[in-house]
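Undergrad: Listed below are the residues making up each chain.
Number of protein chains: 2
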Amino acid sequence: MLSKKTQYAFRALEMLVQKYEQGPVLISDIARKKKIPLKFLENILLQLKKDGILGSKKGKGGGYFLVHKPSKIPVARIIRVVDGPIAMLPCVSLYFYQKCKNCDEKHCGLHDIMIDVRDAQLAILEKKTLADLVV
Amino acid sequence: MLSKKTQYAFRALEMLVQKYEQGPVLISDIARKKKIPLKFLENILLQLKKDGILGSKKGKGGGYFLVHKPSKIPVARIIRVVDGPIAMLPCVSLYFYQKCKNCDEKHCGLHDIMIDVRDAQLAILEKKTLADLVV
DNA sequence: GAATTACCCTACCAAACGAGTAGGGTAGAA
DNA sequence: TTCTACCCTACTCGTTTGGTAGGGTAATTC
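In order, the protein sequence lines correspond to chains L and A. Residue 57 is where the first sequence starts when you use my numbering, and the numbers rise one by one after that. Residue 57 is where the second sequence starts when you use my numbering, and the numbers rise one by one after that.
Careful, some of the hints might be misleading.
No copy labels: a pair is met if it fits in one copy or bridges any two.
Claimed, not checked - Calculated pairs, DSSO-like style, for lysine-lysine (alpha carbon to alpha carbon, straight line, at most 30 Å):
no.	residue 1	residue 2
1	K61	K128
2	K155	K184
3	K91	K157
4	K91	K75
5	K155	K61
6	K155	K60
7	K183	K90
8	K157	K95
Hints listed in this document are in silico derivations from the structure and should not be mistaken for laboratory results.
Use the sequences and the hints to build the structure in full.
TA: Written out as structure tokens, the structure is:
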């Protein structure tokens, strides 16, 4: 399951998509409108900024904004930044791979199944973008 | 990510599949061969038994065994019993559904995306069975 | 029917994680 | 120079995870 933090992230991004190219949006505006604890949200947006997804402007008239076109940012990227691995096992993760001990990947049925699941997930999560958040 | 407990469960089940219809298998045998902490494994097998996936026999010559043919038990069922929800959001889970507050499911882009992901996951996890664990 | 075997159950514990709070620092517009 | 709004660190508290300990009890078998 996605953490609450990740769900907050998507809710915030949804708003930033709607205001795309309308100038920076205040954290406090997002927090109020989307009912997200202010300081918690600050943390999330900072993380997204560090990853280059969001930009920010300080001082009066400042706030956060999307750096790229919404249709250029896949949903998968957000999940990886905020939540971590998407795969169901460390040994099939593309970005967070970890070898599993006591299990030879070449003869592990579960491994094969989870590879399939991962591919199926990514087929969707890499294709869908922030633009799809707004319906 | 699947919990370690769930991964243990699959490893144990793998062994029970291999010994299917060869009589009960001792917990201690599974624990030793699969390198799973004995008491922890006990807990897992008990859970699987309560759900009707495993049966057990007490006394000398006892142990655990699969109640049904391995090809009749979908991988999804194991995950649900041991790990819980498969879906990425509570509001798209079939067996553990929970309404998400501050979000109208009819106008939530994320919701729609996660429905797709869930369907893609289940297409695999409901089709693959315990028989597929052994390659 | 007694002993043994091996399942069954409860309780406990430490570490990690999730979700959120607090409070001040600092850059940059105006 | 002052105010605004981002930036950063640290802390708290409850839950989950992974695992341990120890004994109870039902079924076999002899």
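Undergrad: Taking the hints in turn, state whether each one holds.
TA: Hint check:
1. K61 <-> K128: Only inside one copy: K61 and K128 sit 22 Å apart there, 38 Å across copies, limit 30 Å.
2. K155 <-> K184: both (29 Å within a copy, 23 Å between copies)
3. K91 <-> K157: between (43 Å within a copy, 10 Å between copies)
4. K91 <-> K75: within (17 Å within a copy, 54 Å between copies)
5. K155 <-> K61: both (27 Å within a copy, 17 Å between copies)
6. K155 <-> K60: both (28 Å within a copy, 14 Å between copies)
7. K183 <-> K90: within (26 Å within a copy, 39 Å between copies)
8. K157 <-> K95: Result: close only across copies, 20 Å inter versus 40 Å intra.
Consistency with the previously given hints is maintained throughout, with no hint failing.
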